[in-house]
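Next come the chains, spelled out residue by residue.
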Amino acid sequence: MARAVSNRTKGVNTAIAGALGFLMFFPILWILFLAFKTEEDAIRAPLEVLFGSGWTMESFATVQARSDYFKHFSNSVIISLGSTFLGLLVAIPAAWSMAFVPSKHTRNVLMWMLSTKMLPPVGVLVPIYLIFRDLELLDSRFGLTIVLMLINLPIIIWMLYTYFKEIPGEILEAARMDGATLRAEILYVLTPMAIPGMASTVLLNIILAWNEAFWTINLTASNAAPLTQFITSYSSPEGLFYAKLSAASVMAIAPILIMGWFSQKQLVRGLTFGAVK
Amino acid sequence: MPTKHTLLSTAVGVGIAALASTAVAEEITIATVNNADMIVMQKLAPQWEEATGNTINWVVLEENVLRQRTTQDIATGGGSFDIMFIGAYETPIWGANGWLTSLNDFGDDPDYDLEDIFQLVRNGLSADGNLYAVPLYSETSFTFYRTDLFEKAGIAAPTEQITYTEFAEMAAKLHDPDNGVFGTCQRGKAGWGENMAFVGTMANAFGARWFDMDWNPQLDSPEWNAAITYYVDLMNNSGPPGATANGHNENRALFKDGKCATWVDATSAANDVRNPATSNVADVTDFFQAPKQETDKGTGWFWSWALAIPASSQKADTAKDFLKWATSKEYFQMVGDTEGWVAVPSGTRASIHEDPRLLEAAPFAETIKNAIFSVDPADPTRDPVPYTGVQFVAIPEFQGIGNYVGQQVAAALAGQVTVEQALANGQQFAVREMTKAGYIK
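Protein sequence lines correspond, in order, to chains A and B.
All residue numbers for the first sequence refer to the working numbering, where the first residue is 1 and numbers rise by one.
All residue numbers for the second sequence refer to the working numbering, where the first residue is 1 and numbers rise by one.
Only chain B is shown next, with the shape it has when bound in the complex (with noise of 0.2 Å):
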């Protein structure tokens, strides 16, 4: 018969051992997008989980909700979620006003080697010399064409990086509606991550700047004119009709379809187009520089999709060991093993771009390696700016700024105003949010 002592110490290790499994095992939330990569990431957590005891509850929403949903809880301490997918844009902004974790401490974990990490990325997600997030992948843009087209035309695949009016004068040879052929698709969708992206990076090649050094916004410059002048006729000219509609998503599906020659946009989607079992031209797919013009400079943008813990979380510790987990060598390793080589996310590691594994299933990784390095966010335009960011201006007023500029581009390219009254429009407005806001008197 057990003591009164025995029922005593029993039931103190079992509360301790309850506490214990308590202290250890935590649920933890992720909010994220949904795509390719973070399915594969869900996919491969349970690992994790099992590892750890630690379980996880996934928030999957569509970017702009997820930006939004995200923006709103960390800009009011909700707590709500404690690891939270956000890109290049967001990450130094919410870093300096102190609603991100610091995880500088990963530079002190050997096994973690966050030297590995390109220097370049870890600096886009950083702010006053700390680290906010770890990221998943990171990508520029380079011209997707077809080799089949290109050698149907007579044309030779340029091999040093070719002007915007060589570009131009591509795409109309390669232009062949009547026969489902568009000599380019670009964006045109309105928003600061859709037709500006790309229309950011053709103004930096025109030699055009957001914002000279005194903030003082530039849209109403001949450079920005030039640029928005030669976009609306490179896509009247060689584009797909109503190219307004046509975002990221809508491209790539043309381009896959066998229904554009050439397309200037994220290296992310190369693995998917060169996919035989989801692209209808992955064997006649090739890739080259995106153009320059007055200049070689911000001819690329420079984007990354990172994992951050909120300074609201309750969870950081855990949170942490996920991103380390989430975004080690092994993890990618492991991705290259279970879904093949060319799914692993590029951009992120030096390790990872040099395994022979990633190299002989994805040739063009060192291309995209390549045209990432030729990036510089701290030095994207040619003349002289105040900001960091290539496509996009480190500053929370740009999203608006940037959405607005967008949608008078796209009405222009419809045709709905004139060049002159969009960037006079876009001008206008960019004044008037950048005294708002405190940076002009």
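Same shape as in the complex, but just chain A (with noise of 0.2 Å):
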């Protein structure tokens, strides 16, 4: 049953929310304005910055001129979505048999897995740069993958287990009486259910993919950089580069904030899955 909510409560609850939206999404759009303004006028005072001085793409063309803006992008598609990829390949079985087919110790191997995203990345760090030299995979677009696919990997295992959970068990077992064998139980039964699941956990992993910035910048040079390098790369110690880094940030976050805009629903559809029943 809803509960009755005054006008005047909604009214101060969507303002306080409205507030902090736009707090949050502020930086954002300051990056949005500097990206469109010379370095000169990017570093006047706010309120100059909006209303004192002009427009322009200049920061946009020179960024585009010194670096090779799709080489980051492909390599950011090639790595986020393959890493996805790779990762279902594998989660899916995983997940299904600790849903459906549980053992003693499945609740210790899920605890154990999220146990590894509670390990500081630099402190392997040593170790996997020497295995990547040894097996001459620094700055490969291969090895950048099956790194992100292993270190997503424990995110997609426990998504998925917590969508196949909310599936009950014995629409699975229909399946097998009427003589369904694995794959087709998987494929043809599980998967349609666990869509919105699914597409969920696979969005959420390319924006983490995307956005990875730790392993992206120590195993790569300039064969198999993203767009987290092309960032990177206008930041600057000496002499002030603001409008040329909101410039590149923007080319590096639109491809995944029109992705998130056109799924946001998929997104919020999946991760509230199975909330209410």
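If you are wondering where the hints come from, they were derived from the structure by calculation, not from laboratory data.
Just a few of them, taken from the derived set where beta-carbon distance is under 8 Å, the chain A residues facing chain B:
#1 I43
#2 Y129
#3 L130
#4 T232
#5 S233
#6 Y234
#7 S235
Once the Cα atoms are required to be at most 27 Å apart in a straight line, the calculated DSS-like pairs of lysine-lysine come out as:
#8 B:K315 - A:K71
#9 B:K324 - B:K43
#10 B:K43 - A:K71
Residues of chain B placed beyond 12 Å of chain A at every Cβ, according to the derived structure:
#11 S102
#12 S328
#13 A361
#14 P363
We treat Cβ as the ideally placed atom computed from N, Cα and C, and that holds for glycine.
Combine the two chains into a complex, taking the hints into account.
Quick look at the structure:
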């Protein structure tokens, strides 16, 4: 039953939520403003930035001229999609087995997987760097795809496990009684029911892989460098390059922002899947 | 109709040509920072690429990321980079570790004229008598000041090196926060390359040193106490609010915007501050030596950004060819011709510093050269020390110690701890680190 809320309370709540939302979005909005300014205008007082200076695309042109945006962009696409796809290949059977055929160690295995996320990545940087050096995987898209798949795998498995647990086991049993093989059970019975959850898992992992900066910067040089390295190349110790840095940031986050915008319904639906019974 | 032999010889010929072109044209990867001089180099590098047929992959990173990334690659022999842009701190340490390719053979090339590069700079980029990097530019620190504000306040511009006590009096007179002008802007952001660059040279002036001849840390000495007390008082009395957030960039922006009457910082910022296109105070800025106090030794820092080749590079010959091109007399002249002589990197070659075109475009170039020549990284302090380096100590442990002490100094500036407590903490940390590293028992 819906709780009665007065119009005044609604108004106050909306105003607070709006203010908080604006506060969280403000840094991105400011980056957007600075991206369309000259370097000289970008370091002026905030009000002058907004009202006392002109707008220009100069920074975008300079960034594109100095860096190969499309090379970095394609690396980001390949690495984020590749790691998510590979992750799903491993995670779907793993989550299925833990959700529907649990053993007495399932809980421990799940907790162990999650615990790997608690280790600071820098703790394993040198060993992984040495392994990559010996396998000649440094600065390769394949190597980076594998690493990102592995670091995001616990999250993928956990998310899928949670969604699969919401699906009644009786439906799968019924499919089995009708003679469905394991492959058919996963493909034709489980997957369609778990689509919202899987979609949000895919979207979230693409976003995580797209924004991952530690490994992508440390394991690449030029050939496999994605957009995270593209941004850092405009962060400067001497001289200020706020406008170019902002333009580079806008170019780097725009694709994922647009993807998130169009898929937000799916994302929210998946993330709240099973929240209401 | 071609004979079998003709076909065979053609195929062999094409094969040899293909092999030869593969051997000649190589792709090198350069790791660098995003500063004005390197941007110019990236702009001009296609000329080298066209002339040699080689190509360059630029990996541009923020300074701290670059340091961490190149250290990790070079220490593990990763071989990701053929050329690295490194500083005067890393070069002797990495060179002594055998991580860098020796560039001694540059001295055999008369066209390159290695002797033309200032001896002081070459010394700073050498270890055990071997040259491991060639400089793009070198810098020391001096005082930027506003001629108009000095005139208005009736202060005569110093012609000799003044003391920090006199400097504090000047700053107090010039301090006018109601009109948006602070007496002095100095680095407050924590870090061995940030606040400790200024604080380190100031400590030298007060007679302090990082270690005694037996590598015992000296942060609990009266000299350090006097220096940090002075620094905190100076910034509280005549500095901008929230100075702990201000590093080189922030102070440079404040100074260029007319908010600071004085600023002791890198000579390499002079071109930018005196450039009317990028600075509001270009016409009213001049320079004098960084102040002294108990001693005039080590009162201006020494730093050089240079290009080096990791020992793990498989393309050392091509990398050397690029290094010669990028630090040659012709390169600096090319920068002058294309970017303007005011943009020519300073503090590297004697012939460039004597070029009338540079002296005309940047009359302060002579001041910079004299300031650089006044520095001696091998004898940086009043009392003898076992290390080289003016604002840093050229040992691997210094980064950690310098950063920690920088944080403590910033905490003292913010009023979170007393000067005594900050230095006591720094001393304790330094003793622990130096004991762990085996310098002291």
